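Asks: Residue numbers are given in full-length UniProt numbering: position 167 of the sequence shown equals residue 167, and the series is strictly consecutive.
There's no promise every hint is true.
As the list claims (entries may be wrong) - Computed cross-link-like contacts, DSBU-like style, restricted to lysine-lysine with a CA-CA straight-line distance of at most 30 Å:
hint, residue 1, residue 2
1, K333, K417
2, K557, K631
3, K189, K175
4, K557, K628
5, K152, K21
6, K430, K631
7, K628, K586
8, K557, K657
9, K189, K229
10, K430, K628
11, K657, K631
12, K657, K628
13, K657, K586
14, K23, K152
15, K186, K152
16, K657, K430
17, K657, K424
18, K229, K217
19, K417, K430
20, K435, K586
21, K435, K424
22, K152, K175
23, K186, K174
24, K563, K417
25, K586, K563
26, K424, K229
Calculated from the structure, these hints are not laboratory results. Only a predicted model underlies this, so the values are computations on that prediction, with no experimental measurement involved.
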Amino acid sequence: MEHTDAQNAIRPWPIADADRKPKTISDYISLVNQTYPGGFRALNIDKINDGTIDESRDTKMVDVDGERNAGDSDDSLSGKDPVEARNESLQNIIVAHHSALFALDLVSLLLTKEAPVQAGLTLRQDLRDLVGIGTLASQKHAESNVTPDKMKDLGDITAGWHILSVEETRDSAKKAAGLLQEEVEKEAKFWDDVLSVAEAGWSVCRFPQERQTLGVKFGFNEASAEFRKNSLAPMRRAGDGSVELDLGNLGGQAQRLVVTVERDGIVTGIASQLVPAHVGDKGPLSAHVLEARNTIYARELWHELQMEARNLQSFDVRQYESSIVYTRPNGMKVRLELLSADSCPPVEHGLPENWLAESIHVSLHVLLGYAHRQNEIMRSRPWPPNQPRSRLQNQHYLLRPIIARLVHMEAIEDCTKYIGTLVKCLQNGKVSDAKFELATAQNKMTDLSTTSSDRVRSNPTQAVLGGITAPLVFLLEVTITPGNRVSILGRTWLRATATVYQITLPVTNPETPNTLVESCPPHRDYPNLAEVRCYVDQAVSCAMANYFQPRLEDAEKEGLLQKYGSLESPPASEGLDIEENAFWVKSVSGTSLHTSATSPREISFTVGGPTLNPHLEVTTMVRNEGAKVVKHVWNGEGSGGDTTEFGLSDVCLGLVKDVYS
1 MEHTDAQNAI RPWPIADADR KPKTISDYIS LVNQTYPGGF RALNIDKIND
51 GTIDESRDTK MVDVDGERNA GDSDDSLSGK DPVEARNESL QNIIVAHHSA
101 LFALDLVSLL LTKEAPVQAG LTLRQDLRDL VGIGTLASQK HAESNVTPDK
151 MKDLGDITAG WHILSVEETR DSAKKAAGLL QEEVEKEAKF WDDVLSVAEA
201 GWSVCRFPQE RQTLGVKFGF NEASAEFRKN SLAPMRRAGD GSVELDLGNL
251 GGQAQRLVVT VERDGIVTGI ASQLVPAHVG DKGPLSAHVL EARNTIYARE
301 LWHELQMEAR NLQSFDVRQY ESSIVYTRPN GMKVRLELLS ADSCPPVEHG
351 LPENWLAESI HVSLHVLLGY AHRQNEIMRS RPWPPNQPRS RLQNQHYLLR
401 PIIARLVHME AIEDCTKYIG TLVKCLQNGK VSDAKFELAT AQNKMTDLST
451 TSSDRVRSNP TQAVLGGITA PLVFLLEVTI TPGNRVSILG RTWLRATATV
501 YQITLPVTNP ETPNTLVESC PPHRDYPNLA EVRCYVDQAV SCAMANYFQP
551 RLEDAEKEGL LQKYGSLESP PASEGLDIEE NAFWVKSVSG TSLHTSATSP
601 REISFTVGGP TLNPHLEVTT MVRNEGAKVV KHVWNGEGSG GDTTEFGLSD
651 VCLGLVKDVY S
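Given the sequences, and given the hints that come with them, work out the whole structure.
Replies: Below, the structure written as structure tokens:
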């Protein structure tokens, strides 16, 4: 075809340095499939390295060995199916034909704008009817101002924006990852604290007023209603992820019950529950929960003590604004106070009665726990339908057992001091058989596996607490002479808060009967120590008279035999009491002995002095023209009166020897 101006007019604008290299791997694979025989699957690394495939869409056929290439082509042609080759050739021809027709139509349609007559010769009639002539034209515009340098700059700018976008995306992702990691760490710290509380044994549950908030229960189910509702604290997450206990109901201040023992205004004992040193802002969460439990327990204990102190005015219990004071008859004061942990006085370990203060402090806490247990037992039992459940909330005995214990201890001390001093007086009077033994109840765990009592059937702990609240008992076995024994049983009742005494006369040896059974029988019960002393003083005097009567009788007979040679002679039988058939006769009171001779002699036994420091008195009297009365006194430190080295036997027998010597 000849080149015309129209044909030259539709020639495309040349593009300088057109970059025909493939941009992506898919373009490269398409190029290889189009230009290399066998396609991409027949390609190997050697063909790529020796330049057989040109990225500018030109295939370089390097003729290294012409004969080999010719032989290979002959082999490939001879091995190809003729029918397949024919069909492939026809298909390529058809594709080329259609491509040529499309190109001819395009060129003809473009030429109809400038040379319609000439273009009409090659333009198809159906295309002409469809779009018409002159509808498509082309013209050359001005040369573009886009230079390679500018394109490079634009590419660099685009790449920079892409890099900035990637960096911003990376920074956003890193920030989000950091926030997420921080949130994960906070959440992990929160749940670690919650699990530490649960593993420590505390009950974790939902907070009733805030269902999305966890709470920890540190109170007691059987406590009073006003304390039970404040025994649940929400666990909120702090800014750093740790758990913060909301203890607003407790006032945010730890409190303790302080027990102080005073004598004459001087503190002799103090006890309080110490606040652990590690409890603070950085302390473990379980320690804060324990501190809250101790605080609410101390407040409930203080509330119950105030309620009980109102009914104990007759026991010298006085209730003040900030303290409760119990005063004993011996001047000892027990002061109870509820103080904050910061204002609690320091515990001095060298005080002599710290043991008493600590015992009272521990006992009060244990008794409140025992009251909780009793409430639970009563609540679990069937209750008559005609009686309200509110009757179960009775007043608890907390101070009363402490007072009963102190009364019991004072009773033991006073009774032991009185009996001990009295026995010491007898021993100083050379009554070698005089002695006493004290037996008290021991608070110890027994073998509960073989016990079928209702008190211990449920729980050994309840058995121990039941033993603490049981009546307190002590026993004093007093031996005056080998046959004369007195048993004093002291029993302190909880409700009465007083010590009642029972006195019995045991008989252990039939050969030495207890003469007090006939001469001085006791009553069964004695309300106080003063009444006990009245009987014991009388019993000791009677026992001494019973003990020395046969000895004086024998000494009298021996003296009469030495003086008169026979007991039946008139002078010897002058002092014989015919009714008693004895020379020495007991008085009506049974505490003195006397003779019926012309010059009667008398010896009396009495116990005098204060209760805590008694002494034994023996008075001898000879009734004649020059009546002589001699009093001998033996106390706990030694002997007194007219003689310092004689005993009771020496005084009694000396009264006989002086007559017949």
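Asks: Determine for every hint whether it applies to the structure shown.
Replies: Results for each hint:
1. At roughly 22 Å between alpha-carbon atoms, K333 and K417 fall within 30 Å of each other, so this suggested pair holds.
2. Straight-line distance between C-alpha atoms of K557 and K631 comes to about 25 Å, which keeps the hinted pair within the 30 Å bound.
3. In summary, the hint linking K189 to K175 is supported, as the alpha carbons are separated by about 21 Å, within the 30 Å threshold.
4. The hinted pair formed by K557 and K628 meets the criterion: a straight-line CA distance of about 23 Å does not exceed 30 Å.
5. The hinted pair formed by K152 and K21 meets the criterion: a straight-line CA distance of about 17 Å does not exceed 30 Å.
6. Restraint check for K430 and K631: the C-alpha separation of about 17 Å stays at or below 30 Å, so the hint holds.
7. Between the alpha carbons of K628 and K586 the distance comes to roughly 20 Å, so the proposed pair stays at or under 30 Å and holds.
8. For the given pair, K557 sits about 11 Å from K657 by alpha-carbon distance, which is consistent with the 30 Å threshold.
9. Taking the CA atoms of K189 and K229, the gap is about 29 Å. The hint holds against a cut of 30 Å.
10. Between K430 and K628 the CA atoms are separated by roughly 24 Å; this keeps the pair inside 30 Å, and the hint holds.
11. At roughly 17 Å between alpha-carbon atoms, K657 and K631 fall within 30 Å of each other, so this suggested pair holds.
12. For the hint pairing K657 with K628, the CA-to-CA distance comes to about 15 Å; that is within 30 Å, so the pair holds.
13. Distance check on the hinted pair: K657 and K586 sit about 20 Å apart at the alpha-carbon level, within 30 Å; holds.
14. In summary, the hint linking K23 to K152 is supported, as the alpha carbons are separated by about 16 Å, within the 30 Å threshold.
15. Under the criterion of a C-alpha separation no larger than 30 Å, the hint pairing K186 with K152 is inconsistent with the structure, at around 50 Å.
16. In summary, the hint linking K657 to K430 is supported, as the alpha carbons are separated by about 19 Å, within the 30 Å threshold.
17. For the given pair, K657 sits about 27 Å from K424 by alpha-carbon distance, which is consistent with the 30 Å threshold.
18. A distance of roughly 10 Å separates the Cα atoms of K229 and K217; the hinted pair therefore holds under the 30 Å criterion.
19. Straight-line distance between C-alpha atoms of K417 and K430 comes to about 20 Å, which keeps the hinted pair within the 30 Å bound.
20. Taking the CA atoms of K435 and K586, the gap is about 25 Å. The hint holds against a cut of 30 Å.
21. Among the hinted pairs, K435 with K424 is consistent with the structure: their alpha-carbon atoms are about 8 Å apart, no more than 30 Å.
22. With a CA separation close to 34 Å, the supplied pair K152 and K175 exceeds the 30 Å bound.
23. Only pairs whose Cα atoms come within 30 Å are accepted, and K186 paired with K174 is accepted, the gap being roughly 18 Å.
24. In summary, the hint linking K563 to K417 is not supported, as the alpha carbons are separated by about 47 Å, beyond the 30 Å threshold.
25. Under the criterion of a C-alpha separation no larger than 30 Å, the hint pairing K586 with K563 is consistent with the structure, at around 25 Å.
26. Annotation: proposed proximity of K424 to K229 is violated, straight-line Cα distance about 61 Å (limit 30 Å).
Comparing the model with each earlier hint shows violations of hints 15, 22, 24 and 26; every other hint is respected.
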